[in-house]
Amino acid sequence: MTLAPDPFGSGLGGGQAQSADRATNLGDILERVLDKGLVIAGDIRVNLLDIELLTIKLRLVIASLETAKEVGIDWWEHDPWLRGDAERRELAQKERGRRELTAAEQTQEQGQRAHEEAEEEPEPRRARRGKNS
Amino acid sequence: MTGSQTVWLYAVTRGDADSSPPAVRGVAGEDVRVLTEGPLTAVVGSVDARRFGPDVLAGHLENLDWLATAARAHDAVVAAAAARGPVVPVRLATLFSSDDGVRELLRGRRGDFQSALAAVTGRAEWGVKAYVDPDSLADSLSAPDAATVPTGQSGAGSAYLMRRRAKLAARQSAQSAAGEWAQQIHARLRPLCAASRLHPAQDPRLTGRRDWMILNAAYLVDQDRTEPFHALVRQLTEWQAGLDVELTGPWPPYSFAVPEGAQPGERHG
Numbered sequence: 001m002t003l004a005p006d007p008f009g010s011g012l013g014g015g016q017a018q019s020a021d022r023a024t025n026l027g028d029i030l031e032r033v034l035d036k037g038l039v040i041a042g043d044i045r046v047n048l049l050d051i052e053l054l055t056i057k058l059r060l061v062i063a064s065l066e067t068a069k070e071v072g073i074d075w076w077e078h079d080p081w082l083r084g085d086a087e088r089r090e091l092a093q094k095e096r097g098r099r100e101l102t103a104a105e106q107t108q109e110q111g112q113r114a115h116e117e118a119e120e121e122p123e124p125r126r127a128r129r130g131k132n133s
Numbered sequence: 001m002t003g004s005q006t007v008w009l010y011a012v013t014r015g016d017a018d019s020s021p022p023a024v025r026g027v028a029g030e031d032v033r034v035l036t037e038g039p040l041t042a043v044v045g046s047v048d049a050r051r052f053g054p055d056v057l058a059g060h061l062e063n064l065d066w067l068a069t070a071a072r073a074h075d076a077v078v079a080a081a082a083a084r085g086p087v088v089p090v091r092l093a094t095l096f097s098s099d100d101g102v103r104e105l106l107r108g109r110r111g112d113f114q115s116a117l118a119a120v121t122g123r124a125e126w127g128v129k130a131y132v133d134p135d136s137l138a139d140s141l142s143a144p145d146a147a148t149v150p151t152g153q154s155g156a157g158s159a160y161l162m163r164r165r166a167k168l169a170a171r172q173s174a175q176s177a178a179g180e181w182a183q184q185i186h187a188r189l190r191p192l193c194a195a196s197r198l199h200p201a202q203d204p205r206l207t208g209r210r211d212w213m214i215l216n217a218a219y220l221v222d223q224d225r226t227e228p229f230h231a232l233v234r235q236l237t238e239w240q241a242g243l244d245v246e247l248t249g250p251w252p253p254y255s256f257a258v259p260e261g262a263q264p265g266e267r268h269g
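Protein chains in written order, with our numbering: chain Z, 1 to 133; chain C, 1 to 269.
Hints listed in this document are in silico derivations from the structure and should not be mistaken for laboratory results. Please read all numbers here as calculations on a predicted model, not as lab measurements. Glycine included, every Cβ here is placed at the ideal spot set by N, Cα and C. Heads up, a few of these hints could be off.
[As the list claims (entries may be wrong)] Okay, the calculated bits of chain C under chain Z, using three or more residues with CB under 8 Å as the criterion:
# : stretch
1 : 37-46
2 : 69-76
3 : 241-255
[Claimed, not checked] Across the chosen pairs, the derived CB separations fall in these ranges:
#  : chain 1 : residue 1 : chain 2 : residue 2 : range
4  : C       : 111       : Z       : 43        : 16 to 26 Å
5  : C       : 19        : Z       : 26        : 29 to 39 Å
6  : C       : 172       : Z       : 43        : 27 to 37 Å
7  : Z       : 26        : C       : 190       : 23 to 33 Å
8  : Z       : 43        : C       : 180       : 42 to 52 Å
9  : C       : 225       : Z       : 26        : 24 to 34 Å
10 : C       : 224       : Z       : 43        : 34 to 44 Å
11 : C       : 194       : Z       : 26        : 25 to 35 Å
12 : C       : 139       : Z       : 43        : 37 to 47 Å
13 : Z       : 26        : C       : 39        : 31 to 41 Å
14 : Z       : 26        : C       : 162       : 42 to 52 Å
15 : Z       : 26        : C       : 164       : 35 to 45 Å
16 : C       : 28        : Z       : 43        : 29 to 39 Å
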C-alpha cells in the first residue's frame, strides 16, 4: 500500500483526526478545494469569478476524463452514486467519446482497406487515432 | 470593516465549538477570525479587496503557482477548523463584501448547515485511489495463444493484423479486469462507511504516475471504524499483483459538504 503523506499521522485510533500540517499531493487538494466543498454565492460579484474558476476546473477535470477515456475506465458513468455536475460533464464527454470512437473505427477501416490493397507492405500505415474535438 | 477589505470564507462550524480562531494564517497571510451567529460559526479572513477583487482574482486563479499556494492555505485553515470539531468546508474563493454578508448567510441557511454538520460529526473523509500498472496487467492476462498466428496463405500483412488484434484484445481485457477490480474495491469498502463518493480519475500530470488510476473515491468514516477501514485498505493492496491502493487523509469532509443527491447549482443564492 502506498501511504500518501502522513495518512495515519495523529489520526489513527480516534480523537479528532484532522492534522493541520499534512504535506499532501497538490492534485488531491485542488480536486477538493476547487471541485468539492460547499458552493456559496457570496455577495461579491462572483459571476466573472465563477466563469474563470470553471475554466480551470474544466481544464483539470476534462484532462482527467480524457485520460480515463483513453484507458477505457469509465465504469463510474453508470454508477448511481455519482451525481451532480460531474455527471453532466460526463454526459458531454460521453457524446464526444462516441464521436471519437466513430472516427477511430473509420480510421481503422481505412487502414485495413489500405492494407488489403498493398498486401506486401509489412506495416500498414494507420492514422493515429485523432482527437477531433 | 473598511472599504479596502473583503471577507474570505473558509468553513462553517458549530457555534458551540471552541470559538477562538484556529491558529493558522489564511490565503493572504492574514489572521483567521471567527464569526458566531446563533448555533453556527463561520471561519473567515479579511483580505485586501484590491488583491482579491473579482477581476484580479480571476487572473490569479489562472496562475497555477498562485492557485497552488492559495489552495494549500485554504485547506490548512479548513483542516485546522476540522481538528476542533465538525466542519462544512466551503469552496475556494467564496467572498463577501463584509462580515454582515456572512452573518446573513449563517442566519438564512441555518438548517442546511446544521444538517450538513450533523452528517459529518465524528467522521472524517478518507481518499482511496487504486492504480494498476497496465503493462504487468496486460502481460498477466494475455493468453499464450494470443501470440500464435496462423501462417500459410494469409501472408505477412494478415499476420500483422492478427498480432494487432491480439494486442488490442489483451489491452481490452486488461481494461475490463481493472474496472472489475475497482468496483470490487469500492463494494468492499462501502459497508464500513457512513457515505461514499466516486470521483473521476485524476490526470497523470497531477498524480505524477503513469499507472492507470482505476478508482478515485472518498469515504466518510466514523472515527471508531477508522482502524477496520485502514486494515481493509491494507488488505486490498495485497489482493492482486500489479494493484496499488493509496490512502489519503484524514481530510475535512470536502466531498460530503453537499448532501448526496443535491445539485451543486441549486445551492447558489
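Inset, instruction - State, for the Cβ atoms of residue 224 of chain C and residue 43 of chain Z, whether the hinted interval 34 to 44 Å holds or is violated. - result: For residue 43 of chain Z against residue 224 of chain C, whose Cβ atoms are near 41 Å apart, the range 34 to 44 Å holds.
Legend entry - Outcome for the supplied range 24 to 34 Å, where the beta carbon pair is residue 225 of chain C and residue 26 of chain Z: holds, 29 Å
Legend entry - Range hint compliance [Cβ, residue 26 of chain Z to residue 39 of chain C, 31 to 41 Å]: For residue 39 of chain C against residue 26 of chain Z, whose Cβ atoms are near 35 Å apart, the range 31 to 41 Å holds.
Legend entry - CB-CB spacing for residue 43 of chain Z and residue 28 of chain C relative to the 29 to 39 Å hint: violated, 19 Å
Inset, instruction - Please test the hint of 42 to 52 Å on the beta carbon pair from residue 43 of chain Z and residue 180 of chain C. - result: holds, 49 Å
Inset, instruction - Can you let me know if the beta-carbon spacing of residue 111 of chain C and residue 43 of chain Z is within 16 to 26 Å? - result: Holds - the Cβ-Cβ distance for residue 111 of chain C and residue 43 of chain Z, about 20 Å, lies within 16 to 26 Å.
Inset, instruction - Using the beta carbons of residue 26 of chain Z and residue 190 of chain C, state whether their distance is inside 23 to 33 Å or not. - result: holds, 28 Å
Inset, instruction - Hint says 42 to 52 Å; check whether the CB-CB distance for residue 26 of chain Z and residue 162 of chain C agrees. - result: For residue 162 of chain C against residue 26 of chain Z, whose Cβ atoms are near 45 Å apart, the range 42 to 52 Å holds.
Inset, instruction - With respect to the beta-carbon atoms only, verify the hint that residue 172 of chain C and residue 43 of chain Z lie 27 to 37 Å apart. - result: Violated - the Cβ-Cβ distance for residue 172 of chain C and residue 43 of chain Z, about 52 Å, lies outside 27 to 37 Å.
Inset, instruction - Count residues of the stretch 37-46 of chain C with a Cβ under 8 Å from any Cβ of chain Z, then say if the count reaches three. - result: With 0 residues in contact (Cβ-Cβ under 8 Å with chain Z), the coverage given for the stretch 37-46 of chain C is violated.
Inset, instruction - For residue 194 of chain C and residue 26 of chain Z, compare the CB-CB distance with the range 25 to 35 Å and indicate the outcome. - result: Cβ of residue 194 of chain C to Cβ of residue 26 of chain Z: about 28 Å, so the range 25 to 35 Å holds.
Legend entry - Cβ contact check, 8 Å cutoff: the stretch 69-76 of chain C against chain Z, three residues minimum: It holds: at least three residues are needed, and the stretch 69-76 of chain C offers 5 whose Cβ sits within less than 8 Å of chain Z.
Hints 1, 6, 12 and 16 from the earlier list are contradicted by this structure; the remaining hints agree with it.
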